[in-house]
Structures are given as structure tokens and as C-alpha cells.
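There are 2 protein chains.
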Amino acid sequence: MFGLHQLRCFVAVADHLHFGQAASQLNMTQPPLSRQIQLLEREIGVPLFDRTSRSVRLTPAGRVFLPEAKRILRLSESAMKWTRRVWRGEAGTLRIGFTAASGYGMLPGLIRQLRGIMPNVDLVLREMVTRLQIEALDSGVLDLGFMRPSVDLRRFAVREHATEAMVVALPAGEATTAPPALPVSDLQDRPFIMYSPDNALYFHDLVTALLDEHQVQPKVVEQVGQIHSMLALVDAGFGAALVPETAARLHFPAVAFRPLADGASPPVRLNAVWRDENDNPALARFLAQAGLDQVGT
Amino acid sequence: MFGLHQLRCFVAVADHLHFGQAASQLNMTQPPLSRQIQLLEREIGVPLFDRTSRSVRLTPAGRVFLPEAKRILRLSESAMKWTRRVWRGEAGTLRIGFTAASGYGMLPGLIRQLRGIMPNVDLVLREMVTRLQIEALDSGVLDLGFMRPSVDLRRFAVREHATEAMVVALPAGEATTAPPALPVSDLQDRPFIMYSPDNALYFHDLVTALLDEHQVQPKVVEQVGQIHSMLALVDAGFGAALVPETAARLHFPAVAFRPLADGASPPVRLNAVWRDENDNPALARFLAQAGLDQVGT
DNA sequence: TTGATCGATGCGTGGATCGGATCGATGTTC
DNA sequence: GAACATCGATCCGATCCACGCATCGATCAA
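Residue numbers (the numbering used here), protein chains in the order written: chain A, 1 to 297; chain B, 1 to 297.
Don't take each hint at face value.
Pairs of lysine-lysine, DSS-like flavour, derived with a Cα cap of 25 Å [to be verified]:
no. : chain 1 : residue 1 : chain 2 : residue 2
1   : B       : 219       : A       : 70
2   : A       : 70        : B       : 70
3   : A       : 81        : B       : 70
4   : A       : 70        : A       : 81
The hints are simulated quantities; they were obtained by calculation from the structure and are not laboratory data.
From just these sequences and the hints, can you work out the full model?
Here is the structure:
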């Protein structure tokens, strides 16, 4: 098969229709250029030029081959440039997982930030619970995950990405008689919607610890795994719930939000998690730009 | 710049993820294959494989480069095959000129014939008068022309492609009283539409010679260069005209056609004309298939 | 007829690529 | 856990290829 160098020789001769000028453009002398053209013609099995000692003309076959040769050379250049950009993290794909709750708050800003840092990187965004994100990071399906703290994160690189407070979600009817900020004790004996320990272990433990600490025992009327299910139940008047404050962005008509009094809320943590051995340069570039690439746990 | 051989090496390794197997597929040994991959990586400036002594994996940059490399190789193959087909006359472009009058009769059949012989050859068909066709053949704009005899054809290869008879075109009103076949003498003193010596020299000379031979002098009411203009005038009742019989395919409602009696019509000749030095293989292929490629004037 | 131009060809050299042998690292097996 | 097998990297000598220089042969101009 012919080589790219022969294609460059061919294009130069076809453009100049003059071996000497083409050779000097290619920084070589005329004899090897003639040789390369002959080799190319022998390889294809077709004469590409009609040449006398006084004139050089393209044959019809040469006229057909010329744009193909230029296309191949153009593709080779662009393949190289594109690959280099991927290597520098300026192009490529970044696959990101996030929990449903984190999507309400930080996702739009994160996407804006990524678009600003790496406008040519394709983003693949998948909502997954923490456990599934861990598996996906392991198998290489995800480059980066935004998830709740978990004991299984020890083999990964973890940075705290955001913290927020919990707020009380109340049925609108009960909110009219409630003070601007609620002490935890206000939940005592209230109808209360709790997190499921199966699908929302982190929030379950967080709320359980908060209630235990204040020795408060609400009347648990339901256990659910997803925050929007929880708010739907509040909206229907089944009871109150504790949700991260960014969940207030979900506009349920019959739900009112009240902060906890005295800064009683524990911080709800969201971690950025990735594999240290991940070789996606787009990930490295994002971590560097976001200041997350220092060594640590 | 990298070479196509390096791309083939890269694709083989990427497909097998194993240097030894890739090398045997490429009919080479493992050491030079390792070298080629290293050279390619150095050329691009990007590692394409993550390799330990136990495993070979593509880097993200390599994953991007792989489809590009395959595309370049595919394009190179197809460019070579396509160029070979053009060389054999099985593909490419054939530019054909024809006079307006010849288009009425032989063009559809010619196109069918060409499609049968060379289904992958693009046909460019241009209606041009004989003089313009000669110039176009000279400058290489046309490969083949269908034109009337002319003294300027000596430097070209010429074959008689078709002959036909002249017929009389009569206004429909006059046709009812005319016999089935008209002697030339019938034109004596008739209103008659003549060919212009500027734009239709061949027909002008042909008709003039015919009339002179029979010592007939019609009343020339108009001189025009195009046959459809001529029939339009007959249709409008201005007079009679002599036209090639295939012109009867132009359906003018008030025009009737009558043959000349006694085979008095001179043959109207149509030549196929081309440059002997023309190197378009599609032309050579057509000439060979049509049996026109024997030597001669 | 002479000289200039231009692509093709002969030839010697230097660099690139090849295959064989071997190294070093890693995972497997008993 | 020590011997073994596997696999990519590296070293080295032989070969091949592409380069430049010199020259040839054909063509066109003066």
C-alpha cells in the first residue's frame, strides 16, 4: 500500500504540474520525487500523470485520485490534532454520575463550570444512587461521581464538594401556625415521613442521629427513598419531613419550608469521587481547574 | 507525520489488545511492531496504549484515534479501488456534446446504451452547435461530440453515427390537399422557411444543393437557425420547410410531415467525433464497446 | 544547430526497519 | 513461596529503502 508521504508528493506535483517546483516545496530534490510518483503509480497500477519532458498533466484517473489524496491527508492531520486535544483534556468525553437530590442543587452550576473549562468535552450525565455510582466508577463506566458519604469510598479519591442544611418541609396548612424557624423538638409526635434505610441510607442515618440527639420521636407514617416522593407526600398532607434545603427548588404547591432553629441541622455532605487510576485527561483537567487535585484521602 | 503502515499496526494492536497476536496477523514479529507503535505515539505526542507486561488497554486518546485510523485506512483502500475503476473506464465522467436536432432522435438511445455499458460513469450532456463542439473538443471540455459534417474535423477522429432522410413539414391546412409523398418540384414557388447560413450551415448547404439539383426555387419567407423555430413558423402557417425526419417527434399541432418522393432526400449525416489523444478511459471503453475504435479518418 | 529546460535513470550512501535473542516484570502453579 | 510461563521492551546485526549527486534523453526556443 502507498504511504502518506507518497500522497504528499502526488498532491504537490498535481498542484504545481512541475516536478522541480514541487520538489523544492517538499524540501527534497527532483529525482527522489520522480521515484515516489513512480512507486505510487506502480502501487495503484494506474498512471496518474501524463508527462513529457516539457509538460506534466493529470490523467483522468489522477484527477479522480487527487481530491481523495487531499482528503486522506486532511483527515490524518485532523485525527492527530483531535487526539492531542483529547490527551490535553480539551476534548473527549466525561461521564458523570449524580444522586437525584444533588441534581436539584449543584448540577446546573457544575455543568456551567464544565462548559466554561472544557467547551469541547462531551458530558454524559447519569442519575444513580451512591451504591450504583461506586460500581460504575469501579468498572470504568463513570469518570466522576457526586454522591453521599459511604464506607465503600476508601479505595477512591474523595473530596467534599458541597454541604447544605436540612430544612423542615411542612404541609401548607400546618405552616400558617408554625414559627419562622422550627426547633427539632417541634417534630415530637408530629406525623413524619422518614427516609428508607434501603434506598436512602445516608439520609436515614442522618435524620435518625439528629432525632436521637434531641431525644425526639415523631410519628413515622411512611418511609420513602426519593426526596421528590417525600415532598409529594408532604404536599398531600400526610406529614412533615426533613429535606436538604436545595430540595426547596422543587415547587410543590402545598409544601412550605422552614429552617431548623439554632443551626440544629447537621451538614448534608455531597462528595466528588473518582478513581485515582482513571486516565481520562478530561477528568484530570477538571480536577485541576476545580482545585481538587491535591493529594489526600 | 505517521505512515499508513503505523496506522495498520495500531489498528491491529487495538483490535487484539495483544502485541504478539497483532504481529502475526500483520505477518511480522513482535519487536518491530512494538517499535512502530512507539514511533506512532512519539509522532502524535500522545500515549495510545496503557501497557503492562500482562495487559494492553487503549487510553482515552487511543479510543478517539482508533476510529479515525480505521477511517483513513478505509478511505485509502477505496481511493485506490476507485482510481483503478476510472482507469479501466468503469467509472469517471464522460462529457458529450450534441446538436439540438440530434437530440430529438438518437440521444435517448445513446444514453440507454451508455448506461448499459458503463453504469457507474457520470454523463455530462451539453447541447452545442457543431462549431462550439469543435472548440470544446480542442480545449478538452468535451470528450465526445455528435455533430454535423464540417471541414474542420480533419484533426479529429470521426465516425458516421447515423443518417436519416429529410421530410417536408407542411402547415396542416395545406397537407389535406397534398399527396402522400411530395416531389421536390412541389416546393416550386411555395412559401418556404430556409436554414440560416450562420447558425445552421450544414442544413443550409444541404437544402440549397437539393433545390439547385432539382432546379426548384421556393419563395423563401424566413431564415432561421434552429429546427424547433422552423417548425414553430410552419405551425403558424408561414410556409413549408425541410427537416430531418426525427424532428417529427416534436409534436406541433398544426404541422404535417410528408416524405420526399422517389427517395429524393439527401442523407442527413450525424458524426461521432473525438480527439485521438483524449486519454479518458471511459471514452476508450465506449468507443470499443460501440465498435468505433478501428483506425480510419 | 546550439543551448536551455525538465523529467528519468544510475549509483553510492545513510538511515530506517526487520528478525532473532534476550531482558524485566507480572501472574500462575504446585 | 519458589519455579515457571507469558508478554511487551530492548539490544543488535543484516537488509532494504529513500535520499542526493551526476548524468542522460527528449523537447522547445533562439
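Hints versus structure:
For the given pair, residue 219 of chain B sits about 64 Å from residue 70 of chain A by alpha-carbon distance, which is inconsistent with the 25 Å threshold. Taking the CA atoms of residue 70 of chain A and residue 70 of chain B, the gap is about 17 Å. The hint holds against a cut of 25 Å. A C-alpha spacing of about 16 Å is found between residue 81 of chain A and residue 70 of chain B, which places the hinted pair at or below 25 Å, so the restraint holds. Using a Cα cut-off of 25 Å, the hinted pair residue 70 of chain A and residue 81 of chain A holds, with the two alpha carbons roughly 17 Å apart.
Checked against the numbered hints given earlier, this structure breaks only hint 1.
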